[in-house]
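A.B. asks: For this one, chain A is given, so just place chains B and C on it according to the hints.
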Amino acid sequence: MKTIFAKSVPGRCAWEIESDAPGAADMLPAGLLRKAPPRLPECSELDVVRHFTGLSRLNYSVDANFYPLGSCTMKYNPKFTEYVAALPGFSRLHPMLAQLSRGAACTQGALQCLHETERWLCELTGMKAFTFQPMAGANGEFTGVKLIAAYHKARGRTRKKMLIPDAAHGTNPASAALAGFETVNIESRDGMVDPEALMAALAAHGEDVAGLMMTCPNTLGLMEVHLPRIVEELRKVDALLYYDGANMNAIMGKMRVGDVGFDVVHLNVHKTLGTPHGGGGPGAGPVGVGERLLPFLPAPRVAMREDGSYRLEYNLPQSIGYMGPFYGSFGVVVKALAYMLRLGGEGLTRASEYAALNANYLKKRLEDVLDVPFARRFCAHEFVASAPEGMRALDIAKALLDRGFHAPTIYFPLIVKECLMAEPTETESKETLDAYVDALREIVAQGKADPQSLTDAPVSLPVRRMDETAAARQMVLTEDMA
Amino acid sequence: MSNAPAGILYSKSHEWARLEGDQAVIGITAFAQESLGDITYVELPQAGDTLAADKEFGSVESVKAASDLISPVDGEVLEVNTALEDAPEKCNSDPYGEGWLVRVKLSGKPEGLMDAAAYEAFCATEAH
Amino acid sequence: MPYIPHTPDDLQEMLSVVGVRTLDDLFADIPPDMRPQSFNLPKGQGEAAVCAYFEDLAAKNSPDMISFLGAGYYAHQIPRAVDALAGRSEFYTAYTPYQAECSQGTLQAIFEFQTAVSRLMDMDCANASVYDGGTALFEAAMMAVRATRRRVLVVDEAVNPVWRVMLGTYISSLDLELKTVRQRDGVSDLAGLVAAVDDSCAAVLVQNPNFFGAVADYTELFAAARAHKAFGVISVYPVMQAVLRTPGEMGADVAVAEAQSLGQPLSFGGPYLGVMACRKEHIRQFPGRIAGRTTDLDGKTGYVLTLQAREQHIRRAKATSNICSNQALCALRALIHMSLLGPTGLTRVAENNMALARYAVERLTALKGVELLNDAPFGNEVALRLPIPAEPLVDMLTSHGCVPGYPVGRYYPGMENVLLLACTELNSRRQIGFLAETVGGLL
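Residue numbers (the numbering used here), protein chains in the order written: chain A, 1 to 482; chain B, 483 to 610; chain C, 611 to 1053.
In case anyone wonders, no lab produced these hints; they're calculated from the structure.
Glycine residues also receive a C-beta, built at the ideal position from the N, C-alpha and C atoms.
A couple of the hints might just be wrong.
The list that follows gives simulated cross-link-like pairs (lysine to any residue, SDA-like), each with its CA atoms no further than 20 Å apart [said to hold, decoys possible]: (1) A/K430 x C/D620; (2) A/K364 x C/D635; (3) C/K670 x A/G308.
Sample of chain C residues lacking proximity to chain A, with all beta carbon distances greater than 10 Å (derived) [unchecked claim]: (4) R761; (5) E767; (6) D795; (7) V797; (8) L982.
Chain A extracted, bound-state conformation (with noise of 0.2 Å):
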C-alpha cells in the first residue's frame, strides 16, 4: 500500500481552525523561525480515514484471529473499558491539576480510581502497597530493581550482583544492567532453577547479591517447585526477591506473590488485567511492595485523608523519585480496575482456572504433533513445544499465518530447541482450540511430505517473507532515506 505521503497532494487539509492570527514572522524573529513548514501529509479528511482503514485491514488482531502468543497473555479486551477510560472527565484531565490544594478538589474522582485499583491490586497479590508510576513493564521491572537497589543503600552497603535464571525474560537482565547492577545467570535443570547453581552463586558472590528475579510460572510455562528453599535462601544474606509479573495470569487466586515471599513485583495490566496491547503499547506496568521496600516508592502516592477525600503526597524522603512524570498510564489504569470490578475476585480466579484449562488442553492435544517437553507435569498458563525432527519453528510459524491464525511465540525461550510458546488464554473457546490443533496437525502433516511448501509459507497475507537482511543493511527507515 502506498504510503500516506505518497497520497498526499498539495494544498489540502483535513483540519484547519478558525483563526485570525497574524503570521508566525509577525510574532517571532525570523533567526527563530523554521524555513520551511514540515513536509507533513496534505490530505482530505476521508483520504486520511481510507489510508488508516486501509492499513487496519493488513493486521491480525485478538479480535480478528486466534493469537496465542506466549508470555504475551493476548485474551479478549472487554469493549465497555474504552468507554469508561474516555469519559471526558477522565481523558480532559490536566494531571497538574491534583497538584493545586484547590485543583486536588477538582480531580477526585481521578484520585480515588487510583486508590481504589492500588487496594484491589494489593489483596490480589499481597502485597503492601503499589506505584502506578512504570508505564509498561520493562519500566516497572526497572523501578523495582531500583527499589531493591535502594534498600540496600539505605542499609549503607552497595551489592552489584542480580542474580537472573536462564529462564527469565530478555528485559530481566536489561532493566537489572540499567540499575547499575552485573547478572549472574543461574541455570535451570529439568525446567527449574538449579538449586546447586543458586547455591553456588550465592556462595560465590555472597553479600554482594541485591537479589533475585524470578518469572513465575517460568518462561517453560512450569511452576518452579524450589521457591521455598529459594525464599530462604535469599532472606539469610538480606537479598531481595522480584517477581517479573508477565505470568501473572497464571496465578490469579491460586496463589500471591506477597504470601510466598516475594518482596517486589510488577504486573502487565495489558497482559493480565485485560487491557488492549494497542499494537506494542500503550501499557502500564505498576509495581507492588512488600513492607521493606515501602519507604522507597516513587513520588507522589495518593493518600487518603481522615475525612475520606484524596491527596497527592508529594513528601517521601526516602523515595526514589519520579519513574514516570506523574501518576502513570492513567487511561490504561483506568481499564484495568474497570476490568477487575467487572470479574470480581471470583471471576480473576476463574480467569487464571481457564487460562491453565485451555494451555493444559491445547498441550494434551498437540503431544502427539509436536515435540512438547515436560509432558508429565501440569503447565500453568503457557507452554513449550519444538517443531518436529527436520522441522522449523519459524516455517511452522508462517503456516499458521496462512490458515488464519496468529503464531504463538518463537524461538524464546533460548533454553528450549526451536521452540513454540503457546498461550491460549481464558477467552478461546474449545472450538477455536481445536481448530488451532486441526491447523497444526494438517502443518506438520504436509511438512513432512513437503518441506518446501512451508519453506514458501505465507502465500494468503498482504506480503510474504520479508527481507530483514536487506533492512537492516539498506536501514531505509524513512521515507526520506529511500
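C.D. replies: For chains B and C alone, kept in the frame of chain A given last:
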C-alpha cells in the same frame, strides 16, 4: 565444517589472528560467520585504541543475533577495515580476506591460541 | 462467566482430556501452604453497574474549567477521526509486530510515524516512540553516554523540571554526573551552557521553548558541543515545532519531545508519547523499536522491525535500553493527527495559540504589578511575575472555575511569584478577558 586456513592462529571465541612481524591482522572465522548468519553491521574500534587479549573490542550483528568481538592479542589498533561500514557482508563472503577487521601493532606475544588443526577439532566439539 | 466461553460440557470434556477432575487439580504444583492467606475481593458486577460507577467517579472531576495550565502538557482539539481510526480494534488489539506478514498495518504506520517525526524535527530518522517526554530525554542522554563513553551530562535548569527529576532518578544508580546550568528569570543561560560543555561532557540537554515558554536558537551551543565531540540534545513542543527553527537546522544530534499535544488526551497523566529523532550516524545507539522498509520474496515492498540486534531480547544486559515496546497506539494517534492537520493545519494551530498568548500578556500586564518575567521571545506559553505569590492566586481562581496557569515556585524556589500561563485553541479572547478581570479583582 568450514576449512580453517593453515598458517594463522585461532581463539576459542572464533576470532583469527594472522601474525605479520610485530603486527597482526584480526578477523572472525568462517565458523563464526556461519553461526551468525547474514552479518548486517560490524562495530569496530578506532585507530589508536588499545586491545587486550580476551577482552571485547567491538561487536558483529546479524538480523537476529549479536556477538561481541574478543581480541585474540594485546596491541594497539593501527588500521580498521572501513569497507565493512558499507559492506558488512564481506565478513560472510570472505572472512579470512576482505572481511578482515583490524590491523594491530602487537605489544606482547600472543598466547593460548590454536593452530588450524586444533581449531577445527575445537569447532567439531562446539557444533555437537 | 464474563468473557469465558466454556459450557459445562466443554469443561468436563476438556478436564477429561487433560486427565484431571477439577480445575484446581491443575494447580497441584502450588502446595497448600503457598495458597493465598487472604483473597477478599468483591463479587463481580454487571457491565452497566461498572459503567455507572465510573460515570460517578468521572463526575467528581472538573475537566471543563477554563484552563491556562500547560507546563509541558497541553489541551488541544483532537479531530474525532483520530478516535475513530485509532479505535479500530485491528490496531488496538494487535501486539508488537513480531510476525511482519500479518502486521503490515502496524508496521507501515510506524514507518510513516518515523517519517512524520523526522520531517517535523528535520532530522534523519526517528524510532517507533518511547513512553513519554521524560524517558525520551533520558534515552537521548544514554545514547550520548554510550557513544562518547563520557559520564557528564549538562542540563539547562529551564528544561521541564518533571523530566529533570525523572532524569536524575533514572541515572541515579549509574556512574553519571548531572551538571545543571541555572536559568535566569526563565531565560536559558546560553553562555553558561556553552561554558559548561567541555571534553568530559557526553551531552548538553536543552528545551525549546523552554519550561518558561522562552524561545531561543541553540545553534551556537550545539556547535560548541560538536567541537568537544559532545551530543547536542533538544526537547521540543511538537505543535510549536510547526513554526520554530528545527533541531536539524540548529545542528542537534538527538531531538526528543513529549508528543501528547499531537492527538493524545491529557488523561490525567498518561498514556503519553515520547518521540525521538536523530542524525543517521547515531542510529545504532537508538533505543526501542524501529521499523524499516524492505521487500518480500516476490520483491513486493513491505515493512519489518529492524536493527533488532540492539534490543534486550537479543543483547540482554548489553542492550541499548531495556525498552521492549513502544507506545504504538499513541504513535498511531499522533500520525493520524499530523495527517489530518498537515503542514497548514498544524501551523495554523501554532499561530493561533501564539496570538492568544500575546493577547493574554497584553491584558494581564495591563494590571498593576503584573509584568513579563523576561523579555525573551515566547511561543504560546509565557511566565508572568505577579505582585503576590502565584499559588494562592491559582487556588482562588480555581475556586472561580478558572485555572490561570502553573505556579512555578513549586519546582523553582525563589520564584514563588511567577505564574506560567499557556494558551491553546481551546482558549478564547473572551476567556482571557474573564481571566484578566478576575485576576484584577483579586490583586
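A.B. asks: Would you mind marking each hint as holding or not holding in the structure?
C.D. replies: Verification of the hints:
1. A/K430 x C/D620: Holds - the C-alpha atoms of C/D620 and A/K430 are around 7 Å apart, at most 20 Å.
2. A/K364 x C/D635: holds, 15 Å
3. C/K670 x A/G308: The hint holds at about 14 Å.
4. R761: It holds; C/R761 is separated from chain A by about 13 Å at its closest Cβ, greater than 10 Å.
5. E767: Given a closest Cβ separation of 17 Å, the condition holds.
6. D795: Check passes; 19 Å lies beyond 10 Å.
7. V797: The assertion about C/V797 holds, with a minimum of 14 Å to chain A.
8. L982: holds, 15 Å
Figure legend: structure checked against the earlier numbered hints; every hint is met.
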